[in-house]
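A.B. asks: Here the sequence shown is numbered in the working numbering, starting from 1 and rising by one per residue.
Do not rely on the hints blindly, as some may be mistaken.
Result set (BS3-like, lysine-lysine): computed pairs, CA atoms no more than 30 Å apart in a straight line [what the hints assert, rightly or not]:
{"#": "1", "residue 1": "Lys341", "residue 2": "Lys357"}
{"#": "2", "residue 1": "Lys29", "residue 2": "Lys5"}
{"#": "3", "residue 1": "Lys357", "residue 2": "Lys177"}
{"#": "4", "residue 1": "Lys5", "residue 2": "Lys72"}
{"#": "5", "residue 1": "Lys438", "residue 2": "Lys177"}
{"#": "6", "residue 1": "Lys72", "residue 2": "Lys29"}
{"#": "7", "residue 1": "Lys5", "residue 2": "Lys177"}
Note that these hints are calculated values from the structure, not bench results. Predicted model only: the values in this text are computed from it and were never measured.
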Amino acid sequence: MGSHKIEYHCSLLHGLHARPATQLEAFCKRFSATIDWCNQRNSRRANAKSVLALLSTDTLYDDLCEITLSGKDAGPAASALLHFLRHEMTEETDAEPEPESCSIRVPRSLRATRSLLLHGTAVSPGIGRGQLVVLDTIAPPLPADLQPERLSRRQQLLQSALTRLQQQLLLQLQQAKAQTAQVLQAHLSLVGDCEFQQALQRLLPEVATVAQAILQVQQHFQTQFLASASGYLQERELDLRDVCQQLLALLYPEWAQKASLTLNTASVVLADELTPSEFLQLDQRYLQALLLTHAGQTSHTIILARAANIPVLTGLADSRVQQAAGQTVIADAELGICLLKPDAVAERYYALYAQVKQQRWQQLQQQSLLAGCSADQQRLEIAANITSVTDAQNAFQAGAEGIGLFRTEMLFMERDAPPDEEEQYQVYRAVLQAAEGKPVIIRTFDIGGDKPVDYLPFTTERNPYLGLRGVRLYPYCEALFRTQLRALLRAASDGPLKVMLPMVSQPEELLWVRQLITEEESALHAALIPHASFSLGIMLEVPAAALQVSTFCALADFFSIGSNDLTQYLLAVDRNNPRVARYYHYAHPALWLLLQQVVIQAHQHGCWIGLCGELGSDRRFLPLLLGLGLDEISLSSAQITECKTQLSQLNAGRCRQLLRQVCGCENSEQVLSLLASSQVSEPRPILSTENMILQVDWLNKEEVLKGMVDHLWLTGRTSQPLQLEETLWAREEAYSTGLGHGIAIPHAMTDAIDHPAISICRLAHPVDWGSLDGQPVDLVIMLTLSTRQGREQHLRIFSRLARRIMYDEFCQQLRTAGDEQALCALLQQELNM
Numbered sequence: 001m002g003s004h005k006i007e008y009h010c011s012l013l014h015g016l017h018a019r020p021a022t023q024l025e026a027f028c029k030r031f032s033a034t035i036d037w038c039n040q041r042n043s044r045r046a047n048a049k050s051v052l053a054l055l056s057t058d059t060l061y062d063d064l065c066e067i068t069l070s071g072k073d074a075g076p077a078a079s080a081l082l083h084f085l086r087h088e089m090t091e092e093t094d095a096e097p098e099p100e101s102c103s104i105r106v107p108r109s110l111r112a113t114r115s116l117l118l119h120g121t122a123v124s125p126g127i128g129r130g131q132l133v134v135l136d137t138i139a140p141p142l143p144a145d146l147q148p149e150r151l152s153r154r155q156q157l158l159q160s161a162l163t164r165l166q167q168q169l170l171l172q173l174q175q176a177k178a179q180t181a182q183v184l185q186a187h188l189s190l191v192g193d194c195e196f197q198q199a200l201q202r203l204l205p206e207v208a209t210v211a212q213a214i215l216q217v218q219q220h221f222q223t224q225f226l227a228s229a230s231g232y233l234q235e236r237e238l239d240l241r242d243v244c245q246q247l248l249a250l251l252y253p254e255w256a257q258k259a260s261l262t263l264n265t266a267s268v269v270l271a272d273e274l275t276p277s278e279f280l281q282l283d284q285r286y287l288q289a290l291l292l293t294h295a296g297q298t299s300h301t302i303i304l305a306r307a308a309n310i311p312v313l314t315g316l317a318d319s320r321v322q323q324a325a326g327q328t329v330i331a332d333a334e335l336g337i338c339l340l341k342p343d344a345v346a347e348r349y350y351a352l353y354a355q356v357k358q359q360r361w362q363q364l365q366q367q368s369l370l371a372g373c374s375a376d377q378q379r380l381e382i383a384a385n386i387t388s389v390t391d392a393q394n395a396f397q398a399g400a401e402g403i404g405l406f407r408t409e410m411l412f413m414e415r416d417a418p419p420d421e422e423e424q425y426q427v428y429r430a431v432l433q434a435a436e437g438k439p440v441i442i443r444t445f446d447i448g449g450d451k452p453v454d455y456l457p458f459t460t461e462r463n464p465y466l467g468l469r470g471v472r473l474y475p476y477c478e479a480l481f482r483t484q485l486r487a488l489l490r491a492a493s494d495g496p497l498k499v500m501l502p503m504v505s506q507p508e509e510l511l512w513v514r515q516l517i518t519e520e521e522s523a524l525h526a527a528l529i530p531h532a533s534f535s536l537g538i539m540l541e542v543p544a545a546a547l548q549v550s551t552f553c554a555l556a557d558f559f560s561i562g563s564n565d566l567t568q569y570l571l572a573v574d575r576n577n578p579r580v581a582r583y584y585h586y587a588h589p590a591l592w593l594l595l596q597q598v599v600i601q602a603h604q605h606g607c608w609i610g611l612c613g614e615l616g617s618d619r620r621f622l623p624l625l626l627g628l629g630l631d632e633i634s635l636s637s638a639q640i641t642e643c644k645t646q647l648s649q650l651n652a653g654r655c656r657q658l659l660r661q662v663c664g665c666e667n668s669e670q671v672l673s674l675l676a677s678s679q680v681s682e683p684r685p686i687l688s689t690e691n692m693i694l695q696v697d698w699l700n701k702e703e704v705l706k707g708m709v710d711h712l713w714l715t716g717r718t719s720q721p722l723q724l725e726e727t728l729w730a731r732e733e734a735y736s737t738g739l740g741h742g743i744a745i746p747h748a749m750t751d752a753i754d755h756p757a758i759s760i761c762r763l764a765h766p767v768d769w770g771s772l773d774g775q776p777v778d779l780v781i782m783l784t785l786s787t788r789q790g791r792e793q794h795l796r797i798f799s800r801l802a803r804r805i806m807y808d809e810f811c812q813q814l815r816t817a818g819d820e821q822a823l824c825a826l827l828q829q830e831l832n833m
């Protein structure tokens with residue numbers, strides 16, 4: 001028995017808010033000990049097994065908290081809890097970066113609109129157009145004539161409502177994607193919170209109806225949340241109100257109908273604020289955007305909107321917005337503006353914008369179907385990391401060439417008993433069937449140490465990251481491991497399967513597993529159960545194994561580099577400890593020296609080697625991963641298409657040269673500097689048919705410049721189109737580039753250009769350019785160079801062009817060239833390029 005005390009400095013930047021508090025509550029409930037949380041800053045105490053109680057302590061970043069544990073398992077619980085707080089509890093805020101304080105730049109082709117244009121804060125990107133619908137988020141008052149209820153009836157009604165709401169949330173949770181699931185889980189924790197339910201039960205004898213008890217409890221906790229110094233914690237008041245309103249809706253369905261909103265046409269919804277459940281009730285077939293007068297970056301409603309790709313603008317408190325109810329509006333959460341009564345100029349701007357976006361989407365769709373390959377044809381397979389069958393299906397839809405990491409431990413977590421052989425077999429089989437012949441790497445369960453499960457008797461370890469986890473655990477739960485191996489052998493009949501072992505540090509571990517596989521294969525064969533062999537590999541995450549790759553090549557069929565743990569073990573840094581987090585960096589030269597050695601040795605022995613982990617998701621390091629010569633990298637499904645697109649522009653030879661330079665660096669700063677300054681993309685000719693635009697129907701100078709810049713973005717020559725457009729306009733404001741003869745030569749030298757280009761646009765209708773001779777322009781030659789090309793080349797090309805257009809014959813040839821190739825050839829000849 002006895003009690004134990006531990007101290008914790010809150011390392012959560014947003015404080016102890018709903019989602020980490022939900023994690024903490026779930027962890028504490030694993031132990032029978034009483035766990036008391038005390039915030040030393042304000043002396044507020046709480047039961048750590050209650051989300052609401054924890055939130056009421058107003059624990060902010062760097063607050064010192066004293067935690068007292070009492071009971072028979074207080075000792076082990078104290079050690080485990082301290083490790084959980086320091087290494088496992090996460091923010092999971094999903095917040096977008098704070099908007100910049102600089103004024104919003106409205107594109108030139110939109111500035112001519114006479115539409116009323118109001119500025120807001122974009123918190124979920126996108127553009128939505130529809131009828132403005134105003135949602136009154138002040139719930140109608142409950143009927144004044146509610147009949148008093150007997151105490152027993154009040155208790156019955158309350159318990160029924162709590163149970164039904166939990167069932168509703170669980171059903172939604174089963175169908176939800178990751179970000180939505182986090183929000184629903186937080187609400188589920190609130191509904192089942194012991195402090196919440198006890199507060200309701202205490203009030204029942206003192207009130208006449210259940211509704212009065214719910215509203216009083218809501219008011220009590222709202223007061224605590226709104227008194228917090230943290231805006232993030234203040235926003236959690238909306239979640240509590242949401243749960244209470246859902247309970248009232250279940251108790252009084254007629255009242256709930258008055259508070260609901262039905263959409264039946266493309267709509268932009270305006271509300272003061274919106275609870276998560278109100279958002280989920282809106283018909284997303286018709287919901288085009290949200291306008292909120294009050295909502296923070298970290299509101300759970302905003303997180304749900306991002307997950308659903310619904311544009312959101314906040315801070316629109318202008319009364320003129322509400323007065324536009326029933327009218328068409330455009331919510332632009334890319335620029336952070338809302339247009340009321342859009343006129344023809346605005347409608348055309350967004351119509352052209354939609355065309356460009358559609359072209360970009362088609363490009364990405366086409367790219368996602370292609371194999372991962374560099375510009376000089378070096379293959380690099382782009383696979384996905386998954387935790388479920390649904391993840392696998394989404395990954396292949398996104399263009400994954402395989403599954404690089406299936407974390408099976410998620411099947412074993414958050415349950416009272418492990419999954420049996422049949423359950424595992426069905427999951428593994430479904431993933432292989434979804435792959436349709438593409439390779440799948442399934443990692444055996446990586447539990448233990450920092451990822452305990454209730455049904456395995458773990459002892460508390462001082463440093464779980466270096467403790468009994470991964471393959472080291474399997475001898476202590478051999479029956480459980482054999483069950484997984486049998487399920488994997490059975491599933492291997494459905495497709496090419498690779499099985500990967502975590503935390504391997506010595507050859508004997510791999511030999512022992514191979515012996516178990518042989519025994520289980522024999523048992524399945526004797527029982528006449530269909531099965532097949534699979535490739536067996538190891539995750540390279542322990543430096544000892546990485547340094548001994550040559551030895552493992554004789555025993556392993558393949559390798560996959562686990563970059564997260566390998567980096568922290570190599571650099572001796574706990575990546576979840578904020579006090580040393582600055583030492584954990586993928587730019588450390590030692591990491592690349594080790595990776596280079598590992599890949600070379602694996603390939604010398606004819607072994608396949610890939611990489612999974614967060615390093616594969618950091619686009620800054622893709623050139624180095626390509627330079628290593630890896631066979632595959634694995635990342636989240638959402639990043640696959642962009643990764644393939646970036647890869648297709650890289651030159652593998654240049655990337656190998658960059659890798660050699662990185663391995664010679666002395667520190668991370670030198671590595672990052674090299675990455676920022678090196679030219680690793682495939683050289684692209686300044687003149688190309690892809691930048692010849694014939695017979696386009698743009699109506700004015702603004703549309704022409706924006707259209708030509710957008711075209712450069714679509715062809716991958718700029719990643720900063722708005723900045724490039726502004727640079728071109730700065731030149732136009734100094735003097736017109738309309739040089740006469742119906743020709744304009746806009747030009748810019750800027751870092752916003754990734755690949756220099758000479759673009760030509762022949763207009764279907766001449767436009768006013770403010771030319772020197774007063775004539776409209778029907779032919780535009782745009783010169784865009786990077787500052788790396790230098791001012792001399794810029795002036796040389798511009799002066800040649802300016803001289804050549806003085807000749808009528810040349811101008812006529814430009815206007816009559818039969819196609820893009822003829823036009824490109826003409827310029828190459830005349831400019832001697």
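A.B. asks: Hint by hint, say whether it matches the structure.
C.D. replies: For each hint, the structure was consulted:
no. : hint            : result
1   : Lys341 - Lys357 : holds (23 Å)
2   : Lys29 - Lys5    : holds (17 Å)
3   : Lys357 - Lys177 : holds (25 Å)
4   : Lys5 - Lys72    : holds (14 Å)
5   : Lys438 - Lys177 : holds (24 Å)
6   : Lys72 - Lys29   : holds (14 Å)
7   : Lys5 - Lys177   : violated (38 Å)
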